[in-house]
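Novice: So the chains spell out like this:
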Amino acid sequence: MKLLETKLREKPVQFLPGHLGIVAIRVNADAHRDVLKVLLNADEKTAVSAISGLDLGVNLGVFYHIRTSNAIITIQAEVPKEKPKIATITDLVPGAAFHEMEVADLLGVVFEGHPCPARFVLPDNWPQGVYPLRKDIKSGDIKLNPATTSDGEASDDGKLVRIVIGPQHPALLEPEKFAVRVEGEIVRAVEPRIGYVHRGVEKAAESRTYLQDVYLVERICGICNSCHATAFVETVEKILKTEVPPRGKYLRTIILELNRLHSHLLTLGHAGLEIGYETLFQYFWRDREPIMDLTEMVTGNRVISSSLTVGGVRRDLKESDIPKIKAVLADLRKKLPFYTQIYRNEPSLKMRMQKVGTLSREDALKLNVVGPVARGSGVDIDVRRDEPYEAYGEIPFKVITYKAGDTWARMNVRMDEVEESISIIEYALDHLPAGAYRVKVPRVVPAGEAVNRVEAPRGELFYYVKSNGSAYPERVKVRTPTFANIPAFLKTAIGESIADIPPNFVSLDPCFSCTDR
Amino acid sequence: MINITTWARTKSPWVLHFNTGACNGCDIEVVALLTPKYDVERFGVKLEPSPRHADVLLTTGAVTHQCTDRLKRIYEQMPQPKFVVAIGACACAGGVFQDCYNVVGGVDKAIPVNAYIPGCPPRPEAILDGVVKLLGSLQTPKKTKGRGEIKRP
Numbered sequence: 001m002k003l004l005e006t007k008l009r010e011k012p013v014q015f016l017p018g019h020l021g022i023v024a025i026r027v028n029a030d031a032h033r034d035v036l037k038v039l040l041n042a043d044e045k046t047a048v049s050a051i052s053g054l055d056l057g058v059n060l061g062v063f064y065h066i067r068t069s070n071a072i073i074t075i076q077a078e079v080p081k082e083k084p085k086i087a088t089i090t091d092l093v094p095g096a097a098f099h100e101m102e103v104a105d106l107l108g109v110v111f112e113g114h115p116c117p118a119r120f121v122l123p124d125n126w127p128q129g130v131y132p133l134r135k136d137i138k139s140g141d142i143k144l145n146p147a148t149t150s151d152g153e154a155s156d157d158g159k160l161v162r163i164v165i166g167p168q169h170p171a172l173l174e175p176e177k178f179a180v181r182v183e184g185e186i187v188r189a190v191e192p193r194i195g196y197v198h199r200g201v202e203k204a205a206e207s208r209t210y211l212q213d214v215y216l217v218e219r220i221c222g223i224c225n226s227c228h229a230t231a232f233v234e235t236v237e238k239i240l241k242t243e244v245p246p247r248g249k250y251l252r253t254i255i256l257e258l259n260r261l262h263s264h265l266l267t268l269g270h271a272g273l274e275i276g277y278e279t280l281f282q283y284f285w286r287d288r289e290p291i292m293d294l295t296e297m298v299t300g301n302r303v304i305s306s307s308l309t310v311g312g313v314r315r316d317l318k319e320s321d322i323p324k325i326k327a328v329l330a331d332l333r334k335k336l337p338f339y340t341q342i343y344r345n346e347p348s349l350k351m352r353m354q355k356v357g358t359l360s361r362e363d364a365l366k367l368n369v370v371g372p373v374a375r376g377s378g379v380d381i382d383v384r385r386d387e388p389y390e391a392y393g394e395i396p397f398k399v400i401t402y403k404a405g406d407t408w409a410r411m412n413v414r415m416d417e418v419e420e421s422i423s424i425i426e427y428a429l430d431h432l433p434a435g436a437y438r439v440k441v442p443r444v445v446p447a448g449e450a451v452n453r454v455e456a457p458r459g460e461l462f463y464y465v466k467s468n469g470s471a472y473p474e475r476v477k478v479r480t481p482t483f484a485n486i487p488a489f490l491k492t493a494i495g496e497s498i499a500d501i502p503p504n505f506v507s508l509d510p511c512f513s514c515t516d517r
Numbered sequence: 518m519i520n521i522t523t524w525a526r527t528k529s530p531w532v533l534h535f536n537t538g539a540c541n542g543c544d545i546e547v548v549a550l551l552t553p554k555y556d557v558e559r560f561g562v563k564l565e566p567s568p569r570h571a572d573v574l575l576t577t578g579a580v581t582h583q584c585t586d587r588l589k590r591i592y593e594q595m596p597q598p599k600f601v602v603a604i605g606a607c608a609c610a611g612g613v614f615q616d617c618y619n620v621v622g623g624v625d626k627a628i629p630v631n632a633y634i635p636g637c638p639p640r641p642e643a644i645l646d647g648v649v650k651l652l653g654s655l656q657t658p659k660k661t662k663g664r665g666e667i668k669r670p
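For the record, the sequence lines run as chains X and Z.
Residues in the first sequence are numbered consecutively from 1, following this note's numbering.
Residues in the second sequence are numbered consecutively from 518, following this note's numbering.
FYI, nobody ran anything at the bench for these hints, they're computed from the structure.
Treat the hints loosely; a few may be bogus.
Stated by the list, open to error - Below, a list of computed lysine to any residue pairs in the SDA-like style, where the Cα atoms sit at most 20 Å apart:
(1) Z:Lys554 <-> X:Val444
(2) Z:Lys554 <-> X:Val328
(3) X:Lys241 <-> X:Glu496
(4) Z:Lys589 <-> X:Leu273
(5) X:Lys138 <-> Z:Lys650
(6) Z:Lys599 <-> Z:Lys650
(7) X:Lys138 <-> Z:Val621
(8) X:Lys241 <-> X:Ala471
(9) Z:Lys554 <-> X:Leu273
(10) Z:Lys554 <-> X:Ala471
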């Protein structure tokens, strides 16, 4: 902070102390690059967490949320609505390319110098010049052009053959399209097209109350739903300045870790399926079922729990359930050495995963990847430790990192995190404080804004909420971990065999319903 | 008296799963059906990757505009007779995503649907029950409306 102030003294920037929880800097258009350069030089872990676009009436706001190793800094720039142009930052931070494309698509901000400005999340037949996140657009008024089904044909232009994977494909559980250009067996280029699951949750959140939004944001992703709910309610609590009672915090931690357990077991099994090791898939999913039952016991539902609310959790944990939870976890812990040994030593698995999709530490930092993908490349980041939320500050746990950076390392990070998660839940159950588990909060949230981060199973999940003093939020911005991790796949798939795409891709633990929202 | 094709169809329906913009909650429950605890293969149900070999289309999600045409194409590629099951509140009527700018709101707005399984997400047992009920209805043939080719603009 000191450093920023000295370095930026002559620049046209304005510091907003105590704003947004941490640090906010208001800049004139194009000074954002200078601020970013200072931050990039100061800390190697500086990365763009998200870029949120806002409709501020006359102007459009472009907020750059930058994370460093110990803080979140928001650079606020504004551009006029008639001429929404701002200089790109992709030359400084290559990982910002997707963020800029999204803001361009949804708000119509033109990023000058962006390498490939193209339609990104909206459908192909979306009308030109309509930007859904602007306030004057009502969802009923939009007239779509006639549907086109040009998914692009598989083609052969001389040396490179174009293969289209998706939107419906056996290897993809979700509808997304990746067009791969191959030379023989070797991948030379990957063209992603996301947006098949884009529902417009950010816009919908503006027309629902804060309480209704909890249920909406949970349904951004059915796998890490509790993480979305936590991230959202914490952001609202920051604006409300509400403190959750300790028991509520511990119960939330337990729910979050159960979420992580089931998500990691799901991915570890799914990776087995993708490399043709179906037995492993069936084994992992068999052992995932008791975790689903535990989630049901604690929250009331198997998948989408809806157990978190602004001010705490919605139901208490029965004292008599604690031994049952511990028994299931002890049972899973007993089975773990078997799985760990498979992921460490099984030769066929190592042949499919080692030295596949290698992402070096430099590239991981440059592409701003998060979560197990970053930790598999030796980047030591974990929001649970770096910026503790809920009860994580009081619970001891290890942050797992591997140096290899390949598919095998990323899967082993998850394998080791399963054990850490079990320990965290056991510790939380042993130290569960007594008392209230929720506090009452007003329905109307005072004007304000806040940013918040949560470590979801796939990595850092980022929320930005702006309130205008009514019962409805002004803007909810969600940046999900897969959105930040896809550039890693686009980078590592190139130069490798086409058969390496499935294991490489699944090692990101991709979740497109998160990515598209 | 049921004929041999109906018997064969009800004993080994091959299903295709297509996500039309769901949150993954229902999709994971569909996959969970295949795993040891629920084991849907004991009813002869097999998850089939290609629409051209599938009898039943399991759809999830509120149908986004980008997916609508793809969903119709997949439906058209399936051989007759074909059945569509809408899994989850979103696939039934749009669910929590009603009035979002990029969703159609329900699978039956794009293609004809034979069975609806509500829930957010429905439990694997409920999905299993829905599929079994659909198969049971084949054994007592009755006239159904709205089947066949879909109208395209």
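Novice: Now tell me if each hint is right for this structure.
Specialist: Structure-based check of all given hints:
no.	hint	in the structure
1	Z:Lys554 <-> X:Val444	violated (45 Å)
2	Z:Lys554 <-> X:Val328	holds (16 Å)
3	X:Lys241 <-> X:Glu496	violated (50 Å)
4	Z:Lys589 <-> X:Leu273	violated (28 Å)
5	X:Lys138 <-> Z:Lys650	violated (41 Å)
6	Z:Lys599 <-> Z:Lys650	holds (15 Å)
7	X:Lys138 <-> Z:Val621	holds (15 Å)
8	X:Lys241 <-> X:Ala471	holds (16 Å)
9	Z:Lys554 <-> X:Leu273	holds (17 Å)
10	Z:Lys554 <-> X:Ala471	violated (44 Å)
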